[in-house]
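Undergrad: Residues per chain are reported as follows:
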Amino acid sequence: MARSNEVSINESKMVVPLNTWVLISNFKLAYNLLRRPDGTFNRHLAEFLDRKVAANANPVDRVFSFDVIVDRATNLLCRIYRPSDTDDPPNVADLEKPVKSESSHTVPVIVFFHGGSFAHSSANSAIYDTLCRRLVGLCKAVVVSVNYRRAPEHRYPCAYDDGWTVLNWVKSRTWLESKDSKVHIFLAGDSSGGNIAHHVALKAAESESGIEVLGNILLNPMFGGELRTESEKRLDGKYFVSVQDRDWYWRAFLPDGADRDHPACNPFGPKAASLVGVKFPKSLVVVAGLDLVQDWQMAYVEGLKEAGQQVKDLYLEKATIGFYLLPNNAHFHTVMDEIKKFVGSIC
Amino acid sequence: MVPYDTAAIPIANPPASSSSSTTISKPPEIDGLLAGAGYKVRSSDLRHVAQRLERLETAMLNSPSQHLSLLASDAVLYNPSDLSTWVDSLLSELNQSQSLPSLPSDLSDLISNPTALDASWMDQQLSPPTAAIPNQQPSQLTVVEEDSGIRLVHMLMTCAEYVQRGDLSLAGSLIQDMQSLLTRVNTGCGIRKVAGCFIDALSRRVFAAGGGGIPGSAYETEILYHHFYEACPYLKFAHFTANQAILEAFDGHDCVHVVDFNLMHGLQWPALIQALALRPGGPPTLRLTGIGPPSPDGRDSLREIGLRLAELARSVNVRFAFRGVAASRLEDVKPWMLQVNPKEAVAVNSIMQLHKLLVGPGLDPAHRPAPIEAVLGWIRSLNPKIVTVVEHEADHNQPVFLDRFTESLYYYSTMFDSLDACALQPEKALAEMYIQREICNVVSCEGSARLERHEPLARWRERLGRAGFRPLHLGSNAFKQASMLLTLFSAEGYCVEENEGCLTLGWHSRPLIAASAWHALPETAAVSPDVAVVGGAVM
Chain A
1 MARSNEVSIN ESKMVVPLNT WVLISNFKLA YNLLRRPDGT FNRHLAEFLD
51 RKVAANANPV DRVFSFDVIV DRATNLLCRI YRPSDTDDPP NVADLEKPVK
101 SESSHTVPVI VFFHGGSFAH SSANSAIYDT LCRRLVGLCK AVVVSVNYRR
151 APEHRYPCAY DDGWTVLNWV KSRTWLESKD SKVHIFLAGD SSGGNIAHHV
201 ALKAAESESG IEVLGNILLN PMFGGELRTE SEKRLDGKYF VSVQDRDWYW
251 RAFLPDGADR DHPACNPFGP KAASLVGVKF PKSLVVVAGL DLVQDWQMAY
301 VEGLKEAGQQ VKDLYLEKAT IGFYLLPNNA HFHTVMDEIK KFVGSIC
Chain B
1 MVPYDTAAIP IANPPASSSS STTISKPPEI DGLLAGAGYK VRSSDLRHVA
51 QRLERLETAM LNSPSQHLSL LASDAVLYNP SDLSTWVDSL LSELNQSQSL
101 PSLPSDLSDL ISNPTALDAS WMDQQLSPPT AAIPNQQPSQ LTVVEEDSGI
151 RLVHMLMTCA EYVQRGDLSL AGSLIQDMQS LLTRVNTGCG IRKVAGCFID
201 ALSRRVFAAG GGGIPGSAYE TEILYHHFYE ACPYLKFAHF TANQAILEAF
251 DGHDCVHVVD FNLMHGLQWP ALIQALALRP GGPPTLRLTG IGPPSPDGRD
301 SLREIGLRLA ELARSVNVRF AFRGVAASRL EDVKPWMLQV NPKEAVAVNS
351 IMQLHKLLVG PGLDPAHRPA PIEAVLGWIR SLNPKIVTVV EHEADHNQPV
401 FLDRFTESLY YYSTMFDSLD ACALQPEKAL AEMYIQREIC NVVSCEGSAR
451 LERHEPLARW RERLGRAGFR PLHLGSNAFK QASMLLTLFS AEGYCVEENE
501 GCLTLGWHSR PLIAASAWHA LPETAAVSPD VAVVGGAVM
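For the protein sequence lines, the chains are A and B, in the order given.
In this text, residue positions in the first sequence follow the UniProt record's numbering: the first is 1, and each later residue adds one.
In this text, residue positions in the second sequence follow the UniProt record's numbering: the first is 1, and each later residue adds one.
With the rest of the complex left out, here is chain B (with noise of 0.2 Å):
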């Protein structure tokens, strides 16, 4: 008999969100029934769009089959959702690519391209791929345990309800209830683990005085982050992503600089140090300013990872300059702490930290502005060439606590099992302990204490739209680096996806986080037009 798969929560999408795009309302000129095929093309273009498309038919007819296939390889294409821009894209690239001569015969796509980042990637696996366990069947489950497993998940949902409710002597007892059926719950059921998790926070909220999170210090929280980051293919594939816009972007220029938002151990660099060191015309000159918690005993742990990017950075010959900016929260730093040069490329890269600046929806702006509008106000001002911001996918930043429970436990249940195809230990462990916190700081803590406010990256496009950002694209090159890589390094059932210019990585059809790109207008772009404004001097 085949064992079937009865992780009691269903590979999760949140009941409550509005994140497909059939649910946001477009605006009225967008053909309705395209938008419903996943395709943006307002009525009024769609003569023009399918002109295109009879000249892109006649122009495939006339090419050799071979150049249609390494245009599909080779070219690099963005959001096809925009079907407007897709079809003169394509147009563009075939016309240029006809005017070539022949190309030499396609490679296959695994070595294609190699670039640094890839070698660099495959260099800090330190331990052999996780690759997926075939051979651990997970134990078939008797209908006891499924049972259980149900009877958590309603039992969690009663709970919340009645935290919901302010009930809380209901919801102390129905937690007591809960830890004496998790002991009776085999480990190996799939639910145990996020459920024990959820039971956990729930206990923290209404035992705990004044609720709370998980105490530990800056030092165990970058432990645990790093076997985070070993454990799954979550951070791996936000660092590379952004390394590869961050890389594009610097195109060109001499004197770049990164702001790293999050320093931790740095983990996300010595790619990107490899990558530019083998740029065709030679690296550039390379600053990095890394923005980390204080450390508590005198080290200066920022010191200490900037002195080893350097270390690095010098064995592959880049000039480089570190800078360590320490302080507990981001709102506590100011612009003129980086010390950015006008001259300079400046790249801001925010893995996972915007969220912490945001507040609880619904507050009165003018009575508490969020430190987030002022944050984006001054990467604006430091004119930076792009903004890499990758972000959890998903809106755990709700008003009503209990539509945050129930969506955060959809997406801690998918993302734990997606754990559970690591067969790395302690790596696992860890990792799992890292998401522990993160859930427990959403269900019981409120307030100030609250940092994981998670919203989807719906929001943060308007959020950012709003703040004066616009979107630089991820193109197919992305996508397939990006895939190629999860393919080879992580167990499968792991999904990057496209996402209208941004890069999504799932677990099986469920997107879990969502790398974007952006870049700011100039903040001069209201200068009239009859004035030339000439090496900074107004004529």
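Here chain A stands alone, though its shape is the one from the complex (with noise of 0.2 Å):
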């Protein structure tokens, strides 16, 4: 058991910048204490572990930042980035001044979902307050970060209610239309927040909400499914992640009783509806060749194909989860382009 936790390290540690390795081995380190072999979690340990940033209005590196909250019943709070052309603060009364006000182009209004694995980070989390301020500037684009409810609190579908919640209040948002009188809405995520964009959007497609959904943005998105694929088992232990602590996730979020062939997991498998015929955004899916899970993720870029959907996927052969937390890698970099890329295509 040593010996191969010795060749995990050895390889883990090759592939990424020793400052990722810290960053991503002390998570792993933190998670292994909070997830509990009965399944609760140690939610206590997790928020006084977790590094939070606080909003600010003072713009920084040009954007600047305020929390809403969308649905006080829940609690249900996002976080708003919004560029700036200056360094000065804005007047408290216009945070939420007209989008197209200040810019004559379209302006993409990028919805986010934090990943985590449903359990850990919250729209205050350090590393995705960073992650949204970069989205600001590569799109121009304002970012709403979501701080939906977590897992194993709060299970299927409570992610996806707060997300369908958010994604019509910015809808109803005047100030977020652009000179078209519309407001141009993405979804996007990293893995479970990856896996909660796909379900919001379907959500919005299947309703008579007439709520379009331009384009999703899938980083790593978490799927699964009750087969052992073969990467999971090729990779098991190897790069930061094992099916052990996947299957834990799954088991904190999915209902009591479901297995991981519930569509929430597994939205092209056996007891999923077909997407043949639905109105679906576009998609970029962006798989690391050293996560685990790609087999699912690729099963998801087929299942679009397959359904007559447009998807985009980009495979990062040396990459490992959480590549693009810090801006060090040559996968980082070229994500940022394809990402600012398909945004600039649509809007």
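No lab work stands behind these hints, which were simulated from the structure alone.
Remember, it's a predicted structure, so these values are computed and weren't measured experimentally.
Be careful, since some hints might not be right.
What the hints assert, rightly or not - In silico DSS-like links for lysine-lysine, alpha-carbon gap of 27 Å or less: (1) 305(A) x 282(A); (2) 97(A) x 182(A); (3) 13(A) x 40(B); (4) 203(A) x 171(A); (5) 312(A) x 340(A); (6) 203(A) x 340(A); (7) 40(B) x 28(A); (8) 193(B) x 97(A); (9) 171(A) x 312(A).
Hey, can you piece these two chains together into the complex? The hints should help.
TA: Shown next, in the form of structure tokens:
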């Protein structure tokens, strides 16, 4: 056991820069302490350990942020990130100044769902605050980061419901409309956030709300199934993630008694409804070649294609999970460029 | 249709302050990318940290999973931002726990380690818990009201700009417009109360000769304070967190002395007395010195409080002595008045008091030295085992009026928002009055009349560091108990956060107060190593 552990530590250390290795290993260590074998989660310790940052109406690198309560009944909070032309802080009353007054171009609004396997992190986690700020500058967008309810305290479908609530909220904000009086909405997320983005887009497409999602951006999205895929067997425990911990998170999120072929986990599996004919948004799916979940992610891409949906997949052979958290590797820059192109091509 | 929250001021964050760790400049050897993720590690330490992480991983693999979760529940962990110390301490915890026989099965978090502190907090809840009020949906606001809220905010900011520019007649007429608009805004509208306070404060500044806060006696202040204590958890959190730290600092000491910088009704102390009573090995002898304003009518209110606390102490067999020190200002207190005995362990407790000793920043310190320096100096001379400090997490001491106005508008609108969830009356109304007085002081007072000179934690850290104090970190146990008690006794929406060894309490992701603990390096630290100091005599 110890020997294969040595091997895996050495392997993972060779493929990421040292500070990335320290960051992700530290998360892994902390997360091991938080998951209990009986399926409960040490939430107090999780909140103690999570490094958070306050919203900041003072522009930093020309991006400022503020928090809004979207639904008081569930304490659903969102952090809004906006670009700024100056270094001066906006007037209190101008936080929700109409985006069309600041730009003659179409302004994409990216609704972002942070990762954390449905259980960890928040919209105000430092790593996700940083990522959202980057997206603003990259896509000249407004980013709305959703502080969705997490497992195991709040199982399926709470996170999806929160995403849906925010999607409706975003659609109804006149200040988010571009010059054509429409809100141009993208959904994005990493890990569990990618999974949520898919399901919220699906709900939008299937409901009669008339809400159009222009594009989905899924970074290492979290999917799975009952079957053990080749990548799961080959990469189990090698690059920060194990099949055992993936199973734990699915048990924490899915309804009691459900298995991993539940459509939330396996959207193209035996229990899922077909997406043929559904007006689903164009998707960009980023897959890391050292992520043990990749077979499920590629199956997702295939599933979309077979259902006649538009999808672009970006496979990064030597990337591990979390490569997009620090801008110190080539994959990071490749992905950022792709996201920029993707949003730009639609907006 | 789902009623969306339409508070005109989004849950606030200061526009002008830079309290976020990403904007404070860091020493060059710290890894910048990890700093952005909230971790402080020197680049030169990365290898060491990585090795430790590897060892931890191996150790955890060899450890049964029950040990892991017990480690997580029972070990007290500190300051996760300092990765180097963090991994070292985790490794030593893990090594220790592995050499112990198997631990008893984990109790649910809610009932593990019940301390006397928890019990007495519960006792002090005289009324049923102020739980979240899910049925009281905010009345669906019409578009007109939402517009009024936004208009009020616009007008407030414009008025503040006029004041900043010295255009008092324009400011005055705008104030009158705002006052009439206020009468037309629905009282259910979120922004109304806090806007009302700010309009009132501006009005005092512009119209009252010489500006001015809300007059009131010390007695009135105490009443309002007590209701603020009951209506929301800020003061309870301050007391509880400070008491936990003091209890730990007093461990092993038989004679202890607490100096309280603002006794009020002594609300903080029953819990500590009870906790000391239940201390394994028996309680110490406790002295409490309470500082407070002199009573005008010949009553000795300090002594009355002292007597009540003495009765409580007697009932739980704690040897107790009380001394009241009457002073209208903290800077009037001289250390000899506290009669500190060199053999006792001293705790100095300051809940929202230190900021009153600050002066306007940018004033020439040689011209008018800030009282804070003198007071920190004599605190240090008492050689305290611990100094507990709780302060507002805000920058309300900015020299430019407009900046101060804006920051306090964000801050107090968040605080009012949190108060909205309270159902207790008249606690809520009186708590609002308490906050209103603070707002008035921040906005309409200047010079020595402006006492509410709140500064953020980052600045207090610097100031206390310069004065020779070092942080005592508050750990995961204090965090957990604070979180749990908040969940049990307050509306949902409050959040406790850990900030490099300090704890903050906030509303919906905006920290509003910060609690920290400190100790002083001994002043004789410069003794040369080959001189032995034994029993006070130099050999």
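Undergrad: Residue 203(A) and residue 340(A) were given as a pair; does the straight-line alpha-carbon distance stay at or below 27 Å?
TA: holds (25 Å)
Undergrad: Just to be careful, I want the Cα atoms of residue 312(A) and residue 340(A) compared with a cutoff of 27 Å; is the pair within it?
TA: holds (14 Å)
Undergrad: Residue 203(A) and residue 171(A): Cα distance at most 27 Å?
TA: Since the Cα atoms of residue 203(A) and residue 171(A) sit roughly 14 Å apart, the hinted pair holds (cutoff 27 Å).
Undergrad: Taken at face value, is the distance from the CA of residue 282(A) to the CA of residue 305(A) at most 27 Å?
TA: holds (11 Å)
Undergrad: Please work out if residue 40(B) and residue 28(A) have their alpha carbons no farther apart than 27 Å.
TA: holds (18 Å)
Undergrad: Would the hint linking residue 193(B) and residue 97(A) be met if the CA-CA limit is 27 Å?
TA: holds (23 Å)
Undergrad: Verify the proposed pairing of residue 13(A) with residue 40(B), using a straight-line Cα cut of 27 Å.
TA: holds (20 Å)
Undergrad: Has the given pair, residue 97(A) with residue 182(A), been kept, meaning a C-alpha gap of at most 27 Å?
TA: Satisfied, since the Cα-Cα distance of roughly 15 Å is no more than 27 Å.
Undergrad: Run the distance test for residue 171(A) versus residue 312(A): straight-line Cα separation, threshold 27 Å.
TA: Roughly 26 Å separates the two Cα atoms, so the pair holds.
Violated hints are absent here; each numbered hint is respected by the structure.
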